[in-house]
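Engineer: Here's the letter readout for the chains.
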Amino acid sequence: MLLDWGYVAVFAIVGAGMVALPLLIIWLISPRSSYPQKFETYESGVPAIGQAWSQFNVRYYLFSLIFVVFDVEIIYLYPWAVAARSQGALAFYELLVFLVILTLGLVYAWRKGALEWV
Amino acid sequence: MPWYLELLRAVAGTILIFSGVAVIAAMFGVLLERKISAWIQSRLGPKHVGPQGLLQTLADTLKLLQKENIVPRRADPVIFASAVIVVPLAALLDYVVIPFGTTRAGPLIFRDLNIGVLYFAATSALVVVGILMAGWGSNNKYALLGGLRSAAQMVSYEIPMGLALITVALLAGSLSTVTIVNAQAGLWNIVSQPVAFLIFLVAATAEVNRTPFDLVEAESELVAGYFSEYTGMRFALFQLGEYGEMFAMAAMAVTLFLGGWRGPILPPVLWFVIKLYALIFVFMWVRWTFPRFRIDQLLGFSWKVLIPVALLNLVVTAFFVVVAHR
Amino acid sequence: MPTLTHYLVLSALLFALGLFAVVTRRNSVAILMGIELMLNAANVNLAAFNRFAAPGELQGQIFALIVITLAACEAAVGLALVLAAYRSLETIYVDEINVMKW
Amino acid sequence: MTGEALAFYVLAALTLASGLVVVTSPNIVHSAVALVPSFLGVTGLYVLLNAEFLAGIQILIYAGAITVLILFVIMLTEGGTGMRARQRNEQGPIGAAVAAAMAVLLITVATHTAWPRGAGTLPAYTTAAIGRSFLGANILVFEGTSIVLLVSLIGAIIIARKEE
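Residue numbers (the working numbering), protein chains in the order written: chain A, 4 to 121; chain B, 476 to 801; chain C, 524 to 625; chain D, 2 to 165.
Watch out, some of these pointers could steer you wrong.
As the list claims (entries may be wrong) - Derived pair list, reagent style SDA-like, types lysine to any residue, alpha-carbon separation capped at 25 Å:
hint	chain 1	residue 1	chain 2	residue 2
1	B	Lys-779	A	Ile-104
2	B	Lys-510	B	Ser-494
3	B	Lys-538	A	Phe-42
4	B	Lys-538	A	Pro-34
5	B	Lys-542	A	Leu-26
6	B	Lys-522	B	Leu-507
7	B	Lys-779	B	Phe-765
8	B	Lys-538	A	Gly-20
9	B	Lys-779	A	Pro-34
10	A	Lys-115	B	Lys-538
11	B	Lys-779	B	Thr-706
12	A	Lys-115	D	Val-149
13	A	Lys-115	B	Val-670
14	A	Lys-115	D	Gly-156
15	A	Lys-115	C	Arg-610
16	A	Lys-115	C	Tyr-609
17	B	Lys-779	A	Leu-102
18	B	Lys-779	D	Gly-156
19	B	Lys-779	D	Ile-159
Unchecked claim - Restraint ranges, calculated between C-beta atoms of paired labels, are given here:
hint	chain 1	residue 1	chain 2	residue 2	range
20	C	Gly-579	D	Thr-3	18 to 26 Å
21	D	Val-22	A	Ala-23	18 to 26 Å
22	B	Phe-756	A	Gly-91	19 to 27 Å
23	B	Gln-516	D	Gly-156	45 to 53 Å
24	B	Thr-654	D	Ile-148	48 to 56 Å
As the list claims (entries may be wrong) - Over the 10 Å line for every Cβ pair with chain B, so calculated as not near, a few chain A residues:
hint	residue
25	Arg-35
26	Leu-107
27	Tyr-111
These are calculated hints, taken from the structure and not from any lab test. Don't be surprised by glycine CBs; every beta carbon is placed ideally from N, CA and C.
Work the whole structure out from these sequences, hints included.
Structural biologist: Below, the structure written as structure tokens:
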């Protein structure tokens, strides 16, 4: 098993090198200019107003929040799915209880309007 | 096998996959996209560079190589530069667990991990971080808005995709992709799991930010989304990430639902390629046929339609596999 | 071969880093990040004890799984609190959040 | 030095170095992004500890979900605008001393205790074994999790939403 992941590590390291290779090439051959307007932030051609780093709508947070909760739910289902087949009806009822409780959460978010983009 | 031979094998496999994806998915994929869009819109598409325009993308790449490499003055240089590596690398890490075919020596796969499907979900999730880095690092309003939209969209569609993956894993009783393909020897999963297949396909389209889910780089409102500020080869690397991810999603759909390399008469690798390109054609066809969603429709569709349907599908499948099977 | 002690020392260092962030940072998001580092250190310990002290069963890994679950819940609720504090007090710096009621 | 030891030291260095960036960087976004390599280092350690399933969910939850959540909150509150604000309070030296004392204490305990060495081997396929235990001895963990998740979902939505 460690060998499997050794392969994955090699893939990641060599892969990062291969992605970086074109960057090295352009660093060597690409032209450079010192024309100051080129380094301005693009805002459809007019001078940029203020920073882009500012506040955004809280809606984005609500969605990522519900996402995190459901993502955690999903990690519990992976081992369940692998083992369920051999365990009989108990596995099914267990899943049913688990999902019903979580569906309550989804219904709550829905009713409270957390899934609306207003 | 001695360790240096293993290392050599791993390095060679990596280089093969990376250059394969770069040439077949990115270069040829871009050309295919342009040809198909031209065909759908009754145009001709690229025609002058090489026979039938076959070398068009190569010419484009050579052009991009000579372009200036601009880092905006107000950008965050470290994050701006590292996002270029993270996005394509995370997309290409998916290919570790995709079985391309089979030979007498065993399946043709970089490494058949025990947690294959989970690994696939995890590496696709890493792309989101890269996109947020690109959007924030550019310090550009279009880029940041594109990055945030993209992240909200990708995380929303990760849930139905994960549920579809779990349904398939339940059928095979394993997370290993090779076992899942072998479990489809009698019947492809698309027959028994058409709903999961559709959910996976829709979620995959959203994960790779393609129309009708391309709000992220809605060119009429957000220029090029999170990679607006990237020039030359860096732009090309984002394209590599995007097309690499699209091919990875299609390849995963083939593996999970269309029986992977399985098929009569023709060699397995060829079957895999045929199925892969059939799905790629579907992706492109959809892109050039449908208009774009609004963001509220987009997120609502995932949470109010796909996730309830996927949950129901999982329960029904579990009933048939676990209870009725006995 | 790394032994149990190697892992314990590593996780002690990681835990100390997280603790340092928690006691010295002003930004509440950075404090939450420190807590995540500490939880990670605890998880490394759990997995290491599982592997070296009780390899016959998986209780350590299941504990780590619970910790990851709670870490995700903690992040979701904690960051929601940060947002709520920012909305009513317009700051996320913990030493400026000094009123109990608004 | 065996491959496993080499991997351990590389991963430990990765985890601690990026952890140091998380803790010390004056730029909050840099801290958040540095969390990712730190989590990936821990992922590698899980692999070395034969906890494959934990490694998978470490990437999925920590690197893919919690980091995204943290980045979102940074962008929803201060973005990069607060970068010039002081990030450290006045307890820097004391905090460093406390953290160092904690590290010394923990390392002393770790190196001076005779830890029990258990017999047996970990199951080769940990995901299936964890799944079986969810259907047996740990059934309450499985069901309890759903309640914890439900409660935190409701709580977080109530806190994060604007009061009407």
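Engineer: Each hint should be assessed against the structure and marked as holding or not.
Structural biologist: Quick rundown of the hints versus the structure:
With a C-alpha separation of about 17 Å, the suggested pairing of Lys-779 of chain B with Ile-104 of chain A holds against the 25 Å cut-off. Of the supplied pair hints, the one linking Lys-510 of chain B and Ser-494 of chain B holds, its CA atoms being roughly 22 Å apart against a limit of 25 Å. With a C-alpha separation of about 21 Å, the suggested pair Lys-538 of chain B and Phe-42 of chain A falls inside the 25 Å cut-off, and the hint holds. Pair hint Lys-538 of chain B plus Pro-34 of chain A holds up; C-alpha atoms about 12 Å apart against a cutoff of 25 Å.
Proximity of Lys-542 of chain B to Leu-26 of chain A is assessed by CA-CA distance (about 12 Å); at most 25 Å being required, the pair is judged to hold. Proximity of Lys-522 of chain B to Leu-507 of chain B is assessed by CA-CA distance (about 12 Å); at most 25 Å being required, the pair is judged to hold. Under the criterion of a C-alpha separation no larger than 25 Å, the hint pairing Lys-779 of chain B with Phe-765 of chain B is consistent with the structure, at around 21 Å. For the given pair, Lys-538 of chain B sits about 22 Å from Gly-20 of chain A by alpha-carbon distance, which is consistent with the 25 Å threshold.
For the hint pairing Lys-779 of chain B with Pro-34 of chain A, the CA-to-CA distance comes to about 51 Å; that exceeds 25 Å, so the pair is violated. Proposed proximity of Lys-115 of chain A and Lys-538 of chain B is contradicted: the alpha carbons are some 52 Å apart, above 25 Å. Between the alpha carbons of Lys-779 of chain B and Thr-706 of chain B the distance comes to roughly 38 Å, so the proposed pair goes past 25 Å and is violated. Simply put, Lys-115 of chain A and Val-149 of chain D have alpha-carbon atoms about 19 Å apart, close enough for the 25 Å limit, and the pair holds.
For a cut-off of 25 Å, the pair hint linking Lys-115 of chain A to Val-670 of chain B is broken: about 28 Å separates their Cα positions. The suggested pairing of Lys-115 of chain A with Gly-156 of chain D holds, with an alpha-carbon distance near 12 Å, which does not exceed 25 Å. Distance check on the hinted pair: Lys-115 of chain A and Arg-610 of chain C sit about 19 Å apart at the alpha-carbon level, within 25 Å; holds. Distance check on the hinted pair: Lys-115 of chain A and Tyr-609 of chain C sit about 22 Å apart at the alpha-carbon level, within 25 Å; holds.
For the hint linking Lys-779 of chain B to Leu-102 of chain A, the alpha-carbon distance of about 16 Å falls within 25 Å, and the restraint holds. Only pairs whose Cα atoms come within 25 Å are accepted, and Lys-779 of chain B paired with Gly-156 of chain D is accepted, the gap being roughly 21 Å. A distance of roughly 20 Å separates the Cα atoms of Lys-779 of chain B and Ile-159 of chain D; the hinted pair therefore holds under the 25 Å criterion. Checking the proposed 18 to 26 Å range against Gly-579 of chain C and Thr-3 of chain D shows it holds: the Cβ atoms sit about 24 Å from each other.
One distance hint, 18 to 26 Å for the beta-carbon pair Val-22 of chain D and Ala-23 of chain A, holds here, with the actual separation near 20 Å. Taking 19 to 27 Å as the suggested C-beta distance range, the pair Phe-756 of chain B and Gly-91 of chain A does not conform, at roughly 43 Å. The supplied range of 45 to 53 Å is met by Gln-516 of chain B and Gly-156 of chain D, whose beta-carbon atoms lie about 51 Å from each other. Checked against the hint of 48 to 56 Å, the pair Thr-654 of chain B and Ile-148 of chain D fails, with Cβ atoms roughly 33 Å apart.
For Arg-35 of chain A, the non-interface assignment is contradicted: its Cβ lies about 7 Å from the closest Cβ of chain B, within the 10 Å cut-off. No beta-carbon of chain B comes within 10 Å of the beta-carbon of Leu-107 of chain A; the shortest separation is about 12 Å. With a minimum CB-CB distance of about 12 Å to chain B, Tyr-111 of chain A clears the 10 Å threshold, and the non-interface call stands.
Violated hints, in rising order: 9, 10, 11, 13, 22, 24, 25; the structure is consistent with all others.
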